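Given only the sequences and the hints, what does the whole structure look like? Please build it.
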Amino acid sequence: MALRLFDSLTREIRELKPSQGDGVLRFYNCGPTVYAAAHIGNFRTFVVNDVIRRLLDRQFGASHVLHVRNLTDVDDKTIRRSREEGRPLQEVTRHWTSKFHSDCAALNCLPPHVEPTATGHIEEQIGMIAALERRGHAYRTDDGSVYFKVSSFPEYGSLSRVKERELKTGSALKTASADADEKEDGSDFALWKAHKADDGDVFWPSPWGQGRPGWHIECSAMSKKHLGPTIDLHTGGVDLLFPHHENEIAQSQCCNGQLFSHHWYHSEHLLVDGKKMSKSLGNLYTLDDLAAKGFRPMAVRYALLAGHPRKQLNFTLEALPAAEKALTTLRTFRDTLPATGGDPTALASVIAALDDDLNTPGALGALFTRINQGPAGLDRATFDETIHLLGLVLTAPPAAGQDAPPHVQELAAQRWAAKQARDFKAADLLRASLLETGWTMLDRKDGYTLERTKR
RNA sequence: GGCGCGGUAGCCAAGUGGUAAGGCCGAGCUCUGCAAAAGCUCUAUGCGACGGUUCGAUUCCGUCCCGCGCCUCCA
0 MALRLFDSLT
10 REIRELKPSQ
20 GDGVLRFYNC
30 GPTVYAAAHI
40 GNFRTFVVND
50 VIRRLLDRQF
60 GASHVLHVRN
70 LTDVDDKTIR
80 RSREEGRPLQ
90 EVTRHWTSKF
100 HSDCAALNCL
110 PPHVEPTATG
120 HIEEQIGMIA
130 ALERRGHAYR
140 TDDGSVYFKV
150 SSFPEYGSLS
160 RVKERELKTG
170 SALKTASADA
180 DEKEDGSDFA
190 LWKAHKADDG
200 DVFWPSPWGQ
210 GRPGWHIECS
220 AMSKKHLGPT
230 IDLHTGGVDL
240 LFPHHENEIA
250 QSQCCNGQLF
260 SHHWYHSEHL
270 LVDGKKMSKS
280 LGNLYTLDDL
290 AAKGFRPMAV
300 RYALLAGHPR
310 KQLNFTLEAL
320 PAAEKALTTL
330 RTFRDTLPAT
340 GGDPTALASV
350 IAALDDDLNT
360 PGALGALFTR
370 INQGPAGLDR
380 ATFDETIHLL
390 GLVLTAPPAA
400 GQDAPPHVQE
410 LAAQRWAAKQ
420 ARDFKAADLL
430 RASLLETGWT
440 MLDRKDGYTL
450 ERTKR
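Numbering (numbering that gives the first Met the number 0), first residue to last: 0 to 454.
Among these hints, one or two may not hold up.
Said to hold, decoys possible - 30 Å max Cα-Cα, derived DSS-like pairs, lysine-lysine:
hint: 1; residue 1: Lys195; residue 2: Lys224
hint: 2; residue 1: Lys424; residue 2: Lys444
hint: 3; residue 1: Lys274; residue 2: Lys310
hint: 4; residue 1: Lys76; residue 2: Lys275
hint: 5; residue 1: Lys182; residue 2: Lys195
hint: 6; residue 1: Lys76; residue 2: Lys310
hint: 7; residue 1: Lys278; residue 2: Lys310
hint: 8; residue 1: Lys195; residue 2: Lys278
hint: 9; residue 1: Lys76; residue 2: Lys292
hint: 10; residue 1: Lys98; residue 2: Lys76
hint: 11; residue 1: Lys324; residue 2: Lys274
hint: 12; residue 1: Lys224; residue 2: Lys182
hint: 13; residue 1: Lys98; residue 2: Lys310
hint: 14; residue 1: Lys195; residue 2: Lys76
hint: 15; residue 1: Lys292; residue 2: Lys98
hint: 16; residue 1: Lys292; residue 2: Lys324
hint: 17; residue 1: Lys418; residue 2: Lys444
hint: 18; residue 1: Lys324; residue 2: Lys275
hint: 19; residue 1: Lys274; residue 2: Lys292
hint: 20; residue 1: Lys278; residue 2: Lys98
hint: 21; residue 1: Lys98; residue 2: Lys275
hint: 22; residue 1: Lys292; residue 2: Lys275
hint: 23; residue 1: Lys224; residue 2: Lys76
hint: 24; residue 1: Lys98; residue 2: Lys274
hint: 25; residue 1: Lys310; residue 2: Lys275
hint: 26; residue 1: Lys224; residue 2: Lys16
hint: 27; residue 1: Lys274; residue 2: Lys76
hint: 28; residue 1: Lys278; residue 2: Lys292
hint: 29; residue 1: Lys182; residue 2: Lys76
Keep in mind that the hints were calculated from the coordinates and are not lab data.
If you're wondering where the values come from, they're calculated on a predicted model, not measured in any experiment.
This is the structure we're talking about:
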């Protein structure tokens, strides 16, 4: 079995394979803008990409996969944040980069092999822009900015079919961006942005004067530097399809004179309560928000994988208890398995679902279907190997109740004593008293634990 | 207005031209004094509506209704 993924460019499901002689699969995944804590919608994309990475590792061997995921550490949002907080840009982006890393680790996402930053590749970006200018694909404006001339690239729009829509709607597409006046054409986009007062001390020297790179060029430059001019797979969220990826194709191909990426994959958005997340709707969650409600990151990961990656997934808080329960079932089942000696192909149906355009809900369904047939013929090695592809970690939730207040501890001790004395009437009364304090006593084999009463 | 996606049980969600995976919830049962945990069983004559193609459609085609996303720097 080989991994087949939908390709946004050709709009068909195609097998992934390395295009170059060294057999290395070159994989570029558009990363986050580090100006705030990433929300679970962002993480849907990163978790999905993590599963892709794991499947690629499995298929081609970990040493034959090169995974690059960038950090956007300079743009309007990061600069605005820096100014609002009165802190240097680097300090802000370093902080949120670190937060992103710890969140990724909590979600058990494998780190990419290279994690380049936009500010770390200013030279490369300037080099590409200069090359585009030389080749007649870019032009300067009076304020010292440089724009990509979309009309110079006839294939522009092939990914998003933006041309079709423009032909039909004519002038219906309004250009709302602030720099519209400077552009020759509404579809042109910034490669280099001249320094403005709002940028403060964020600028670099360039052949066009002080300024900073446009957003799209960073991915073209970093991808080229770390993976070469032609890559095998480029991914991101659907919202990046246009204009970001469309612009990347234009820049890279006009600059390098060769195909940019053999395969494009876009994961769909996560909706919360039926709507796209937004602060104004109050339905935007970060991992910390959910942790505060008592949900572990692994439950979030499970919930994110419970929907098909190319379909909008409607996330609700109710999904998390369901995910926790499902993880418990998986863990409990795993513990009944012998270490080895089972059929190594026992879970082939799970892997087949993943290989078939990353059907994660189908894979989970296949997994539970097999589990419901009982443990016979399955061993832990095979089970773990399969679970590893999904990146699920099946450790038990931390024991709750150690922080019970003294009077609760006292009641519990009394009840335990009553039970040992087989005075069940007293024991039941004490259990009722405990419930009133908001705690539940769970009898174990050789003792008991205390948990906050659920609901 | 354009482009794209979706409407499957209380909730979430796969899937197929041949008669509906799975998870959660709920119900019953087993086992533990009780409770919890765990295990077992059950839960859509039905897949937005109406037409069409077909021996047969939830699955293909058409129309309609509803929801969602994108349309210049949002994963």
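Hint check results:
1. Lys195 with Lys224: holds (29 Å)
2. Lys424 with Lys444: It holds: about 20 Å lies between the C-alpha atoms, which stays within 30 Å.
3. Lys274 with Lys310: OK: Lys274 and Lys310 at ~14 Å, within 30 Å.
4. Lys76 with Lys275: holds (19 Å)
5. Lys182 with Lys195: Answer holds: Lys182 to Lys195 is near 17 Å, not above 30 Å.
6. Lys76 with Lys310: With a Cα-Cα distance of about 28 Å, the restraint between Lys76 and Lys310 holds, given a limit of 30 Å.
7. Lys278 with Lys310: holds (23 Å)
8. Lys195 with Lys278: Status holds; Cα separation ~28 Å.
9. Lys76 with Lys292: holds (28 Å)
10. Lys98 with Lys76: With a Cα-Cα distance of about 17 Å, the restraint between Lys98 and Lys76 holds, given a limit of 30 Å.
11. Lys324 with Lys274: holds (26 Å)
12. Lys224 with Lys182: holds (29 Å)
13. Lys98 with Lys310: holds (28 Å)
14. Lys195 with Lys76: holds (15 Å)
15. Lys292 with Lys98: Distance of about 19 Å is within 30 Å: holds.
16. Lys292 with Lys324: Status holds; Cα separation ~16 Å.
17. Lys418 with Lys444: With Cα atoms ~13 Å apart, Lys418 and Lys444 stay inside 30 Å; holds.
18. Lys324 with Lys275: Holds, at roughly 26 Å.
19. Lys274 with Lys292: holds (21 Å)
20. Lys278 with Lys98: With a Cα-Cα distance of about 19 Å, the restraint between Lys278 and Lys98 holds, given a limit of 30 Å.
21. Lys98 with Lys275: holds (23 Å)
22. Lys292 with Lys275: holds (21 Å)
23. Lys224 with Lys76: Cα-Cα ~25 Å, so holds.
24. Lys98 with Lys274: The given pair, whose Cα atoms are some 26 Å apart, holds under the 30 Å limit.
25. Lys310 with Lys275: holds (13 Å)
26. Lys224 with Lys16: Distance of about 21 Å is within 30 Å: holds.
27. Lys274 with Lys76: Cα-Cα ~23 Å, so holds.
28. Lys278 with Lys292: holds (18 Å)
29. Lys182 with Lys76: holds (22 Å)
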